[in-house]
Amino acid sequence: MTAPVDTGRKLRVLVVDDHDVVHWGFRVMLGEQPWVERCLSARTGDEAEALARRFEPHAALVDLFVGQESGAELCERLRRVSPSTAVLLISGAGRISATAARAAGAAGFVPKDWPAADIADAVRMVGLGMTVFEPLEPAGGPPLSDREQQVLDLLAGGATNGEIASTLHLSPHTVKEYASALYRKLGVRNRAQAVQRAQRLGLLA
1 MTAPVDTGRK
11 LRVLVVDDHD
21 VVHWGFRVML
31 GEQPWVERCL
41 SARTGDEAEA
51 LARRFEPHAA
61 LVDLFVGQES
71 GAELCERLRR
81 VSPSTAVLLI
91 SGAGRISATA
101 ARAAGAAGFV
111 PKDWPAADIA
121 DAVRMVGLGM
131 TVFEPLEPAG
141 GPPLSDREQQ
151 VLDLLAGGAT
161 NGEIASTLHL
171 SPHTVKEYAS
181 ALYRKLGVRN
191 RAQAVQRAQR
201 LGLLA
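Mind the numbering: the sequence shown is residues 1 to 205 in this note's numbering, read in order.
It cannot be assumed that every hint is accurate.
[What the hints assert, rightly or not] Label pairs and their in silico Cβ distance ranges:
#, residue 1, residue 2, range
1, GLY8, ALA181, 44 to 54 Å
2, ALA50, LEU201, 50 to 60 Å
3, PRO111, GLN68, 39 to 49 Å
4, THR131, SER180, 30 to 40 Å
[What the hints assert, rightly or not] List of simulated lysine-lysine pairs, DSSO-like, C-alpha gap at most 30 Å:
#, residue 1, residue 2
5, LYS112, LYS185
6, LYS10, LYS176
7, LYS176, LYS112
Hints are computed from structural coordinates only; laboratory data are not their basis.
Glycine residues also receive a C-beta, built at the ideal position from the N, C-alpha and C atoms.
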């Protein structure tokens with residue numbers, strides 16, 4: 001993702017999420033950004049609509065599911081009361097296609113497993129009039145050997161290197177080498193990222 005150009009422009013940002021910890025985390029993260037003029041927050045669609053009407057935020061970070069309402073529906077509501085507000089949809093579980101997000105009036109969609117700095121950059125980008133959509137992962141992903149696939153499956157199941165070694169009758173050192181090879185092929189740094197990326201690529205049952 002290309003970082004936004006530093007225009008020096010201050011932005012009003014609205015966070016819409018009904019999960020307390022996530023809600024608090026986004027407020028703290030965005031409140032620390034030097035380009036954020038004011039960080040507003042809402043836990044329901046009605047609260048978000050009232051704040052959007054009153055403050056006309058430049059950008060709104062909206063969870064894909066807020067209570068019983070979808071983020072796409074909420075995006076349409078916010079855009080009706082504040083057409084100048086750019087909505088960035090975000091989710092930790094579900095996904096929405098770029099076509100569907102655009103149809104709802106959203107300027108972008110990103111997953112919650114992105115690094116905090118990248119999510120902040122995405123909020124700023126939509127607030128400055130740009131769009132941010134996560135590129136689709138190519139189907140299939142990198143080719144894995146049978147043994148690498150076995151290691152990946154066990155990693156995804158939460159097994160430790162020692163447990164994997166015992167299950168596959170390998171030495172812990174060999175398991176570590178297989179894991180390192182997996183990380184390189186998947187372009188990740190650790191097992192959590194490896195599992196997340198493997199899920200996106202359809203490499204896990």
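Consistency of the hints with the structure:
Take GLY8 and ALA181: their Cβ atoms lie about 45 Å apart, and the range 44 to 54 Å holds. Distance hint check: the CB atoms of ALA50 and LEU201 are about 41 Å apart, inconsistent with the given range 50 to 60 Å. The supplied range of 39 to 49 Å is broken by PRO111 and GLN68, whose beta-carbon atoms lie about 22 Å from each other. Against the hinted window of 30 to 40 Å, the Cβ-Cβ separation of THR131 and SER180 comes to about 36 Å, which satisfies the hint.
For a cut-off of 30 Å, the pair hint linking LYS112 to LYS185 stands: about 23 Å separates their Cα positions. Proposed proximity of LYS10 and LYS176 is contradicted: the alpha carbons are some 47 Å apart, above 30 Å. This hinted pair checks out: LYS176 and LYS112 have alpha carbons roughly 28 Å apart, not beyond 30 Å.
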